[in-house]
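Enquirer: So the chains spell out like this:
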Amino acid sequence: MTTTTPAPPVAKGGADRPKTAAGRVRRRLNTRVASLVSIVIAVLWTLPTFGLFVSSFRPEQEIKTTGWWTFFTDPQVTLENYQDVLFGRSSSAGQLASYFVNSVVITLPSVLFPLAFAALAAYALAWIKFRGRDWVYIGIFALQIVPLQMALVPLLSFFSQGVSVGGVQIMPAWNLDDEQRFIQVWFAHTCFALPLAVFLLHNFISQLPGDLMEAARVDGATHPKIFRTIVLPLITPALAAFGIFQFLWVWNDLLVALIFAGGGNEAAPLTVRLAELAGTRGNEWQRLTAGAFVSIIVPLIVFLSLQRYFVRGLLAGSVKG
Amino acid sequence: MEFADEAPKLLMLLYGLVAFVVVVGGLLLLLDAVPNYFARRREQRLIAASTAKGGPGGDGPAPAARPRRGEGLFAAFFLFPAIALLLIGLVVPAVRTTLLSFMDGGSVNWVGLRNYGWMFSQPEILDVLANTLMWVVLVPLLATSMGLLYAVLVDKARFEAIAKSLIFMPMAISFVGAGIIWKFVYAYRSEEQEQIGLLNQIAVSLGGEPKQWLLNSPLNTLLLIAVMVWIQAGFAMVVLSAAIKAIPAEIVEAARLDGVNAWQMFRRVTLPSIRPALIVVVVTISIATLKVFDIVRTMTNGNFNTSVIANEMYNQAFRFGQVGQGSALAVFLFVLVIPIVIYQIRNLRQQREG
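Heads up: the sequence lines are chains A and W, in that order.
Residue 164 in full-length UniProt numbering sits at position 164 of the first sequence; the count goes up by one each step and never skips.
Residue 281 in full-length UniProt numbering sits at position 281 of the second sequence; the count goes up by one each step and never skips.
Bear in mind the hints are in silico, worked out from the structure with no lab data behind them.
You may find that some hints are simply not true.
Only part of the chain A face toward chain W is listed, based on derived beta-carbon distances under 10 Å [unchecked claim]:
(1) GLY51
(2) SER55
(3) LEU148
(4) LEU234
(5) THR236
Covered by chain W, according to a simulated footprint, are these stretches of chain A (three or more residues, beta-carbon under 8 Å) [said to hold, decoys possible]:
(6) 215–227
(7) 237–244
We put the CB at the ideal spot given by N, CA and C, even for glycine.
Sequences and hints are given; from them, build the entire structure.
Expert: Here it is, written out as structure tokens:
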């Protein structure tokens with residue numbers, strides 16, 4: 001009864017190696033075809049962006065008369081498009097530098113506020129026992145399905161007219177203009193981000209070990225103390241993941257900005273200006289390509305450098321459900 | 001750009017950040033103060049109880065029996081900002097939008113279901129609904145299959161990380177940016193001129209004629225859909241790739257030993273294993289697609305019969321001042337989302353139980 005039977009050779013030699021010559025050929029052919037198809041897809045997916053990128057550095061006359069692929073036979077490089085679209089004085093130029101500042105001003109608080117409020121709420125929902133906790137959680141969870149479009153008209157009138165019930169003004173109108181409109185945009189982005197943020201962070205916070213909390217409670221730590229000293233450091237990866245997600249979402253948003261920021265260069269972000277340029281100056285390709293690239297570059301840098309966290313956030317949000 | 005023009009904005013940003021520190025810091029400080037307050041109260045109550053011992057109030061609840069009295073209050077403080085903002089920013093507005101959808105354009109008189117009647121009787125709006133249907137059917141289907149195909153193809157390939165980044169990259173690009181990128185691909189020059197748009201150049205070099213791609217329905221809607229597929233395939237690919245990697249190695253091994261070929265492996269092993277992830281991806285993309293607005297607005301502004309519900313809602317409510325009709329479209333959008341979400345919740349529950 002000695003168990004000296006040799007292990008099956010296939011399992012040992014790695015399942016990737018087929019036994020017969022025909023099998024090997026077929027496999028190699030398969031991988032060939034697979035790589036070829038994947039390369040074709042990758043090229044197809046990258047080419048449009050690449051074309052835009054190349055074009056943005058070509059002189060105006062060249063962009064308008066020849067395809068960007070002629071760049072490789074006749075390379076002409078200029079930074080004039082960027083100069084024009086960022087700092088150009090005329091109203092038809094982009095003046096994008098100013099809008100770029102707006103995008104930054106909009107984005108930072110719009111990321112910080114929902115993160116903080118959602119972390120607090122998620123902690124309470126996960127670790128503080130109070131009556132109706134499950135209902136509150138389900139309520140917030142369910143709000144994820146309300147499309148933004150459902151909230152826009154009343155929220156705008158909330159800002160511009162305040163709240164009045166039966167002719168009695170309960171809340172005054174905010175009457176914000178120019179750069180004060182940032183407040184509206186921050187407010188709107190924060191509200192709209194909360195359901196998903198609470199949900200994601202709750203997923204994460206509720207999985208922290210309960211013993212840790214219990215031990216801290218026994219030692220006499222209060223909830224705020226536990227939240228600050230134990231929970232916050234532990235959920236940093238989740239905060240980072242959602243932070244990146246929210247950053248990209250806010251930076252790339254058009255709808256919220258269009259409605260709450262107004263169209264001028266006092267508060268509107270890059271996306272609003274670009275959409276406007278695309279509409280009114282659809283053939284000024286030297287401006288559109290450079291402008292689009294200006295708006296793309298920041299999220300692209302964030303994306304490329306923090307890709308791992310971004311993916312983690314995505315997977316946490318979509319698969320765990 | 002002059003710095004003087006930007007200074008007020010930066011000041012505003014500073015205010016915003018200060019507000020953040022004050023609000024969040026203040027909340028935490030306040031929370032620190034609350035337990036002290038309760039500790040003192042409890043102490044006082046204990047003293048009062050001990051001095052009143054034997055009195056008529058002896059059958060009242062002993063203070064020690066409720067050690068965590070502050071819990072509810074704590075929860076209230078932690079939850080207050082989020083819930084207040086959700087009520088102001090989402091719940092109340094959503095209810096109001098529903099009410100507005102039963103009122104006329106100026107939100108003065110009740111009109112019953114007239115806005116909904118309008119929606120289903122105007123030929124233009126029916127076209128909008130048909131376009132939206134096309135989007136919601138095609139985008140999830142194409143993006144998911146493209147993502148799945150790519151995830152399977154590059155799985156364990158040598159340059160997997162880079163290959164995946166390339167497909168995933170459009171996710172970081174705004175819909176507006178993507179719109180411009182693809183407008184450039186579809187750009188048109190008359191036949192005598194050299195083409196600058198990639199698609200027309202390909203058409204010409206294949207012996208065809210350059211076309212105004214974005215002018216003719218329904219081809220233009222399909223070309224806009226391609227943009228959304230381009231963006232969403234990366235999302236599908238990342239999620240599905242993670243699901244494929246999570247398939248237990250033993251199952252794959254066992255199938256290999258049974259001598260299945262690549263196609264059978266995909267059909268019988270991979271596909272069933274990643275079914276839950278597949279559903280999540282399709283559902284998520286469907287919902288995102290229903291709400292798509294930026295692509296249409298940037299590329300055609302909804303002209304040439306390319307408009308979708310979300311875009312039409314914006315037009316009606318914010319450009320034409322038809323708040324009632326815009327609200328009705330928003331409510332309809334909401335109604336369309338609900339069944340998709342219910343389907344997903346049911347699936348998730350089955351998955352948990354199974």
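Enquirer: Each hint: holds or not?
Expert: Going through the hints against the structure:
{"no.": "1", "hint": "GLY51", "in the structure": "holds (6 Å)"}
{"no.": "2", "hint": "SER55", "in the structure": "holds (7 Å)"}
{"no.": "3", "hint": "LEU148", "in the structure": "holds (7 Å)"}
{"no.": "4", "hint": "LEU234", "in the structure": "violated (17 Å)"}
{"no.": "5", "hint": "THR236", "in the structure": "violated (16 Å)"}
{"no.": "6", "hint": "215–227", "in the structure": "holds (count 5)"}
{"no.": "7", "hint": "237–244", "in the structure": "violated (count 0)"}
Violated hints for the displayed structure, listed by number in ascending order: 4, 5, 7.
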